[in-house]
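As a plain string of letters, each chain reads:
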Amino acid sequence: TRRNVETITIKGSDTEVNLVLQLAEAYMETNPAISVSVTGGGSGVGIAGLLNGRLDVANSSREINNHELVLASERNIAIEHFIFAADALAIICHPSVPIDSMSLDDLGKIFSGEIQNWQQLGGAAGIISLYGRQSNSGTFMYFRERVLGKDYAPGIKQMNGNAQILEAVKADPNAIGYISLGYLTDETGALRHGIKVIKLTTEPGKIAISPLDRAAIKAGLYPLTRPLFHFSNGTASDIIRAFYDFEKSPAGQKIIAQNGYLPPSEAGLAFNSVK
Amino acid sequence: MEKIKIDIQELDLFFDKKQVLKNVSLHIPAGKITAIIGPSGCGKSTLLRSLNRMHDLNPQARLSGKIMLDELNILHGNTNVVHLRRRIGMVFQKPNPFPKSIAENVSYGLKINGLHDKKKLAEAVENSLRAAALWDEVKDDLDKSALDLSGGQQQRLCIARAVAVEPEVILMDEPCSALDPISTAKVEELMLELKKKYTLVIVTHNMQQAQRVSDFTAFMYLGELIEVGETRQIFQKPQHDLTKNYVEGHFG
Amino acid sequence: MEKIKIDIQELDLFFDKKQVLKNVSLHIPAGKITAIIGPSGCGKSTLLRSLNRMHDLNPQARLSGKIMLDELNILHGNTNVVHLRRRIGMVFQKPNPFPKSIAENVSYGLKINGLHDKKKLAEAVENSLRAAALWDEVKDDLDKSALDLSGGQQQRLCIARAVAVEPEVILMDEPCSALDPISTAKVEELMLELKKKYTLVIVTHNMQQAQRVSDFTAFMYLGELIEVGETRQIFQKPQHDLTKNYVEGHFG
Amino acid sequence: MNQRLFWDKFFEKVFKGTAWVAVLTLVGIFLMLLINSARAFETISFAEFFSGTAWNPAAYGEATYGIGAMLFSTLLVTIGAMLIAVPLGIGAAAFLSEVASPRTRNILKPAIEMLAAVPSVVIGFLGIVLVAPALAKIFDLPHGLNALNGSILLAIMALPTLISVTEDAIHAVPQHYKEASYALGANRWETLLRVTLPSCTSGILVAIMLGLGRALGETMTVLMATGNATAMPNGFFDSVRTITATVAIEMGEVPFGTPHYFSLFACALVLFLITLLVNIAAERVAAGYRRKGQ
Amino acid sequence: MNQRLFWDKFFEKVFKGTAWVAVLTLVGIFLMLLINSARAFETISFAEFFSGTAWNPAAYGEATYGIGAMLFSTLLVTIGAMLIAVPLGIGAAAFLSEVASPRTRNILKPAIEMLAAVPSVVIGFLGIVLVAPALAKIFDLPHGLNALNGSILLAIMALPTLISVTEDAIHAVPQHYKEASYALGANRWETLLRVTLPSCTSGILVAIMLGLGRALGETMTVLMATGNATAMPNGFFDSVRTITATVAIEMGEVPFGTPHYFSLFACALVLFLITLLVNIAAERVAAGYRRKGQ
Ligand SMILES: Nc1ncnc2c1ncn2[C@@H]1O[C@H](COP(=O)(O)OP(=O)(O)OP(=O)(O)O)[C@@H](O)[C@H]1O
Ligand SMILES: Nc1ncnc2c1ncn2[C@@H]1O[C@H](COP(=O)(O)OP(=O)(O)OP(=O)(O)O)[C@@H](O)[C@H]1O
Ligand SMILES: [Mg+2]
Ligand SMILES: [Mg+2]
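Residue numbers (the working numbering), protein chains in the order written: chain U, 2 to 276; chain Y, 1454 to 1705; chain S, 1454 to 1705; chain A, 89 to 382; chain R, 89 to 382.
What the hints contain is simulated information worked out from the structure, not anything from laboratory work. Bear in mind the structure is a predicted one, so any value in this text is a computation, not a measurement. Possibly wrong hints are sitting among the right ones.
[Said to hold, decoys possible] Short derived list, chain A residues pointing at chain Y, Cβ under 7 Å:
| id | residue |
| --- | --- |
| 1 | ALA268 |
| 2 | TYR270 |
| 3 | ALA271 |
| 4 | LEU272 |
| 5 | GLY273 |
| 6 | ASN275 |
| 7 | GLU278 |
| 8 | SER287 |
| 9 | GLY345 |
| 10 | THR346 |
[Said to hold, decoys possible] Below are the SDA-like pairs computed for lysine to any residue, each with C-alpha atoms no more than 25 Å apart in a straight line:
| id | chain 1 | residue 1 | chain 2 | residue 2 |
| --- | --- | --- | --- | --- |
| 11 | Y | LYS1485 | Y | TYR1651 |
| 12 | U | LYS200 | U | ASN260 |
| 13 | Y | LYS1573 | Y | ASP1593 |
| 14 | A | LYS101 | R | LYS97 |
| 15 | R | LYS97 | A | ARG193 |
| 16 | Y | LYS1592 | S | LYS1639 |
| 17 | U | LYS219 | U | PRO155 |
| 18 | S | LYS1547 | Y | ALA1584 |
| 19 | R | LYS101 | Y | GLY1530 |
| 20 | Y | LYS1547 | S | LYS1639 |
All C-beta atoms, glycine included, are put in the ideal place defined by N, C-alpha and C.
This is chain U alone, in the form it adopts within the complex (with noise of 0.2 Å):
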């Protein structure tokens, strides 16, 4: 390249981007003959990319899938991924909502669109308003994936961002919706003003556990915690593992931490095919 400085390019999560971006920084600061570019757009768009040869590595909030995994090996790409941190989601709905907590089944139920009225919940009657992310991100397909095992109801509303949810959730009095754990609350660590969170069951008779339950979510409680990926193209090189190496570390860790999200399971760890 052109001014004697390696470069590597990342792309992908929109929940990743400003967490990796910060990891980044710290991280040229002290190699300054690194340069790292960290932009978003998707987890989707992320993967998108590494499989069309226009990136290093791609950011991605949910697993790679088959049919992706099929292009990559028609293409010639093997797929390596490393996971650095964890998030979680939280259920966010209206405060006018009477209803404090629900089961993971149905979560999935409303949002596939069986469930479609407060009332059938035992709240006040209301068509249920659902807010999620668009098709690109990784949330969209983790959620999917994870809480309802099917389409979602033709009828959600797909926002273009945590923070657009958040505030469409605040002004709908039917509202419904999933942000990422980091948004949740403000700088302070207080829960943001207009939203109530709800508390999730696994299964019937359990406990339901809030997502502010920091306890709870580290001992493998909450269900909707999920790992932050990267993926790259064959075996890291060594400036990407130089990387990865930073994020492993100590002063790596507290910026994720810093920054509202989890360390990686100990699972997460074991699964990482980048060591």
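Got chain U; can you put chains Y, S, A and R with the ligands on it based on the hints?
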């Protein structure tokens, strides 16, 4: 004395800083034809356009003085210019037909005044075009564009258009400049016909024409009204040297 | 016989389906003034505009026949119209100054012909304006917009503009229609001056003017060229009844 | 004279050259769309594409490629936008050129043209935080992220073009036409409606077509403010997803050369064809008008 | 007569009404931007905002809000786009109205207006798959996602507006001006350059301003094709991130009411002010031209 239809009193007109009319006072008698003559650029068109407030459209024009149409103060800010122009029709120096059909050009004024009866409109179009000596040439092309007419045909069309709405006063700025002698004669006949009911003010460079049709003649020079009087008197016994030189300078 | 400058042979002209010129043949002698007369709408302007291919701009116009300028076939597809128009200048019936200053209007033609010397341009502007009897009125306003001139002033400006580029042939479509007798006399002087070097074709409705200035007169009627001959002959011994009626119908 | 001939030739070359570069670029884009679209129909049937109402290429089950609902949504939002923008735009243009004082005009005109540069995200944002709550309140809806919101925002985005181009077209109408009308006793509005506007139909048409193009092709704003739901809408109060929003969202994530990829080009082509049809129809109407008017 | 008076009043009301609705909407947007921008400067200093070159509101250490690099990038891309689009646009417009046969014109004009409706993503996409590799090859660069790519794409997007509006302005110049020029022996190009174009400067200005607005305000395309790097660029071959791209990227994710949120409005306001300045400057030039021309 005749009844005065329009009374111009001490009219000054500036375009920006240039004074084009200088203290012009003139009586236009009702039911007569008044001709305004004078060398090119002396302010004839400007004076004519003052009478129906055409200078309103030009932000550079400033007028002072007074013009009365019967009891109506023409230059007053509260005067309804739409009503005023309805009463004072105009034929412009450069023929300016609308980019519409010949028939629509003539019926435009009637339509905006609320006449929508097709038969009556067609009649009025025919009568006006006949009066302006254009009917025979265009009767088969009434729905053709007026912009495709020859210069003289456009001029007659504009006369027909102005006559169609039957205003009380008709201002004509060189209405025969593009016309051959025969058409000119017909338009002059029309003027004599019109003055039975209406008041006419015409601008002309044709001294013979002024003598043939007008009852009164006003001579302008460099923005000033030099002399006005009965046509015969102006041409035969002009009071002023300037007038004398001008009307005698004619030839042919 | 005089040298023939322009030779029109069996010219037909249609606008769409309407025939406006019918088998017109006419010789324009070099160094003379040829006047074209005829009632309004008979095709005078159309004929004039054929000579410098102005109808090229109108897709509806179709011409057939032949027009020769010296050895040049004017209507031929390969003829360089730019050179042609450089040789044949034109004053249009409706004065059409550019929306530029008075000086720029006159110098335009010279500039596009490569004259850029400021002093020479200024001289040419002055000479042309003087020739068109406009200099005294506008000499202090040379950089004012030409659109603010009076009708007659615009007409003289267009004459000055056409004369400035010194074409071989000058076509003038009613060049004095908006002019007072004195300006008219000056423009006529100009024409007589010009014909010493150039060839002139004028359209006029003024029979006296035709008699005063032209050497030859052509009479048109409904698109046909009825008669052409020496001016005296046409006005005093017309061969054709139509001509006779027309020239005798004049009055004053 | 030789020099002059040289410049003649030179300018002729330059103008023809630029014209062809511009035109060929645009033609190239069109062809590129056409070729890529054609490949979509190797796997997707025409019938499914145009009559299907479900667009779900990333479906959990089988992918479906029906643009019905999106097409209807697009038309809904765009027609709504034009219904708002065209009268407002022409009215404002007429006001600026015929009524407002030169001073007012000199302030307002640049201000309006300036608004052509508001980034579409900002307008979309306004849709979420201002228009949506207002609509919800006025029409007593749970939320205002619907087709109407999109129409309003697109109208706002089309307005600068519409006003500015129309104003200029009105301004270019020769003064003597207006004088002739006034002298016959017509008032300002009659003159405007019967003389001025008919004399500049072609300019107004350009304004409308560009406004329409802007509305049809705009992505960000609709994507943010219409709720972006793929279901077939029942009216202006339902959330909708337009064709452009779909193309915008999915273009980034789709791997090259797949049916999904080609189908997005087919979507863009449909937008083209809509504009073309409207354009041809509008030209017809205007031509009829002009013919009558002459 | 009474009825006529009623309609007079009615139309007067309607036109004034529409004009005011349109104008107030646009003024409202402006005020909204202004107010939100003002709040940005409660926490961010003016000096930092305008002279700082690092834009990093989500920084690891302290957030920085300097629009220097972005502003320079925006100007680079936009000026580049205008340098390409304006000559091409005027050339093509002149060609269409003065040279092309009516047939050609009737085919090309709607085709060009149609291209105003190509969604910006599609153009951005072209930038990635066609223009970027071409640039990389021609100029021997590692990749073509740079300012030049953005300029080219924005020029393409501005072309339909530029061509269409300019063509119409040229078309509206009264025929008799051209006749006068031809009759003096001017050729087509001289007539165009010295008579026709000077008579429609205001229309061409509108075309340029709208094209500029489009280029400045466009998000998707630049976001996709310029490489989106926040570093200060050294020239057209560096990756850049424009102000609109920044606003577009960050608007979706920034929590409301934070300094970051307000700073995005300040960014949008800067875009406004650029357009305004250009507009005023252009009006001056044109007015000078007109004054000289009269
Ligand atoms: N562009 C055109 N399209 C169709 N018809 C036309 C066009 N121009 C002129 N005509 C018609 O051709 C005939 C001749 O017109 P022309 O302008 O040559 O007349 P003219 O002899 O100059 O008349 P005038 O003395 O009134 O100027 C007229 O009947 C006119 O209506
Ligand atoms: N809009 C204007 N702005 C500035 N000056 C003007 C304007 N209109 C006319 N003039 C000037 O005012 C004077 C009178 O013009 P006007 O048109 O009244 O002359 P006129 O007597 O009608 O001449 P003509 O017989 O040539 O038509 C002229 O010197 C002209 O240059
Ligand atoms: Mg006059
Ligand atoms: Mg004629």
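So, going through the hints one by one against the coordinates:
A hinted interface residue such as ALA268 of chain A counts as satisfied when its beta carbon comes closer than 7 Å to some beta carbon of chain Y; here the least separation is about 5 Å, so the hint holds. Hint on TYR270 of chain A holds. Least Cβ distance to chain Y is approximately 6 Å, under the 7 Å limit. A distance limit of 7 Å between C-beta atoms decides the matter here; for ALA271 of chain A the minimum to chain Y is near 4 Å, and the interface restraint holds. The closest approach between the C-beta of LEU272 of chain A and any C-beta of chain Y is roughly 4 Å, which is under the 7 Å cut-off, so the hint is satisfied.
Because the beta carbon of GLY273 of chain A sits about 3 Å from the nearest beta carbon in chain Y, less than 7 Å, this interface hint is met. A hinted interface residue such as ASN275 of chain A counts as satisfied when its beta carbon comes closer than 7 Å to some beta carbon of chain Y; here the least separation is about 5 Å, so the hint holds. Evaluation of the GLU278 of chain A hint against chain Y yields a held restraint, the C-beta minimum of about 5 Å falling below 7 Å. At a threshold of 7 Å, the smallest CB-CB gap from SER287 of chain A to chain Y is about 6 Å, leaving the interface hint in force.
The interface hint given for GLY345 of chain A is broken, as the beta carbon of that residue sits about 55 Å from the closest beta carbon of chain Y, more than 7 Å. The beta carbon of THR346 of chain A comes no nearer than 55 Å to any beta carbon in chain Y, farther than 7 Å, and the hint placing it at the interface is violated. For the given pair, LYS1485 of chain Y sits about 8 Å from TYR1651 of chain Y by alpha-carbon distance, which is consistent with the 25 Å threshold. Taking the CA atoms of LYS200 of chain U and ASN260 of chain U, the gap is about 22 Å. The hint holds against a cut of 25 Å.
For the hint pairing LYS1573 of chain Y with ASP1593 of chain Y, the CA-to-CA distance comes to about 19 Å; that is within 25 Å, so the pair holds. Restraint check for LYS101 of chain A and LYS97 of chain R: not satisfied, since their Cα atoms lie roughly 54 Å apart, outside the 25 Å limit. Between LYS97 of chain R and ARG193 of chain A the alpha-carbon distance is near 22 Å, which keeps this suggested pair within the 25 Å criterion. Pair hint LYS1592 of chain Y plus LYS1639 of chain S does not hold up; C-alpha atoms about 40 Å apart against a cutoff of 25 Å.
Proposed proximity of LYS219 of chain U and PRO155 of chain U is contradicted: the alpha carbons are some 35 Å apart, above 25 Å. With a C-alpha separation of about 24 Å, the suggested pair LYS1547 of chain S and ALA1584 of chain Y falls inside the 25 Å cut-off, and the hint holds. Using a Cα cut-off of 25 Å, the hinted pair LYS101 of chain R and GLY1530 of chain Y holds, with the two alpha carbons roughly 21 Å apart. Simply put, LYS1547 of chain Y and LYS1639 of chain S have alpha-carbon atoms about 22 Å apart, close enough for the 25 Å limit, and the pair holds.
In terms of the numbered hints stated before, the structure departs from hints 9, 10, 14, 16, 17, listed from lowest to highest.
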